[in-house]
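Visitor: The chain contents come next:
2 protein chains.
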Amino acid sequence: MRAASRGDSISGGGRVAGGPEDKRLLRGARSRQLVLRQAVDTASLDGLDGLSFGKLATDTGLSKAGVQTLFKTKETLQLAALDLAREMFIDAVIRPARAQPQGVQRLRALIEHWINYAETPLFAGGCYRVANMADFDSRPGPVRDALVRDQQDWMSTIARELRRAVDAGDIADLDTDLAAFQIDAVLCSANTALRLGDTDAAHKVRRVVESFLTQPE
Amino acid sequence: MRAASRGDSISGGGRVAGGPEDKRLLRGARSRQLVLRQAVDTASLDGLDGLSFGKLATDTGLSKAGVQTLFKTKETLQLAALDLAREMFIDAVIRPARAQPQGVQRLRALIEHWINYAETPLFAGGCYRVANMADFDSRPGPVRDALVRDQQDWMSTIARELRRAVDAGDIADLDTDLAAFQIDAVLCSANTALRLGDTDAAHKVRRVVESFLTQPE
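Residue numbers (our numbering), protein chains in the order written: chain A, 290 to 506; chain B, 290 to 506.
Calculated from the structure, these hints are not laboratory results. Predicted model only: the values in this text are computed from it and were never measured. Virtual Cβ for every residue (Gly too), placed ideally from N, Cα, C.
Straight-line distance between alpha carbons at most 16 Å, and here's what the computed EDC-like set of lysine to aspartate or glutamate pairs gives:
no., chain 1, residue 1, chain 2, residue 2
1, B, K363, B, D338
2, B, K344, B, D330
3, A, K363, A, D335
4, B, K493, A, D466
5, A, K363, A, D338
6, B, K493, B, E408
7, B, K493, B, E401
8, A, K493, B, D464
9, B, K493, A, D464
10, A, K493, B, D466
Estimated spans, in silico, between C-beta atoms of each pair:
no., chain 1, residue 1, chain 2, residue 2, range
11, A, D442, B, D466, 27 to 37 Å
12, A, Q504, B, P431, 44 to 54 Å
13, A, D434, B, D466, 35 to 45 Å
14, A, D487, B, D462, 16 to 26 Å
15, A, T409, B, K344, 36 to 46 Å
16, B, L315, A, T358, 55 to 65 Å
17, B, K344, A, P429, 13 to 23 Å
18, A, T365, B, P431, 28 to 38 Å
19, B, L485, A, D464, 15 to 25 Å
Among the chain A residues that face chain B by a calculated CB cut under 10 Å, a handful are:
no., residue
20, G336
21, D338
22, D426
23, V437
24, Q440
Could you build all of it, start to finish, from the sequences and the hints given here?
Guide: This is the structure we're talking about:
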């Protein structure tokens, strides 16, 4: 996980397990996870800009100074929250789909897990990327870079399964990058539609995805 | 314009033109437009949540008390900014397309004007609706209602021209509501892609729209 390389308190040390130093480190790691889980929910609702050390301290019952010590700057906190959100997304959507054969079946599994991820939802305000991309798209910097990387990875995942389906002769040839762009666009809009109470959003997503899975001639 | 019915200072009165009272009202109306134009730009970059009487006063050279008197509450200011953004969107995208015949030609004109609106851009941060929908989709209230109304009006406009094209026998029959949902989704994603410097975004939009305009059998 990228955040662990940013010099936070849990990545250092090599002590023998069980000593007082280990307990301190363990407590730090637990506090960190507690704060980040809250941060991801807050960011999905109010955006990453809505994060503050003070509010996170209140929401988790930790001291503001303690939260500040864990993350140093707001940007470090935002990036660590994005890392956790990305990991949770991979666990909820990408990993379970790997059980399916490559191509059409894995693509359908990815979409079903995505619908579940947006409907349930994993984050209080729905997809973390949709919730934050519009705030950061005009602001160059590491937060925007992380959001763009997540979007590109997701679109590449979709395009790859479409390409495998074409190569296997299961669907008609198509521009897989353009199709992945369209599918991602529809997922983002469906995420918003779900927040607005549109009960037909999942059905729309399935119909759009199926429209790309046509029989080869 | 909806904001004018909300009891702001410029909608009252029926004095004879030219008197001191008229000059005061005119000054109020000008200040109001000045603040709102700034508010729309700020909201397209930092979101409607980023609006504050203090910052708008600094940005326009007016007093904070003056700005506060014009709009009373932040929500009134947000709704008035949305009204202005909607009017500007209609002027930039909807009205010019009316010069084209209904159906395929008007739809293409709407899309070209929309691309221009997102590329130029009319608002500092791109499409005002995309910039704010993700922030408000989980927050019921009049701001969300206004954003949803604008989205539904836009999707209805697209669906209507598609329907006219089908009825005229110019394109093959299709689910016009689903197609409008897909086209709007792609436009929203293209707006973000443009902010991120994707020079291919307009081309993608045109290809997607053309994919719905197939010859009837």
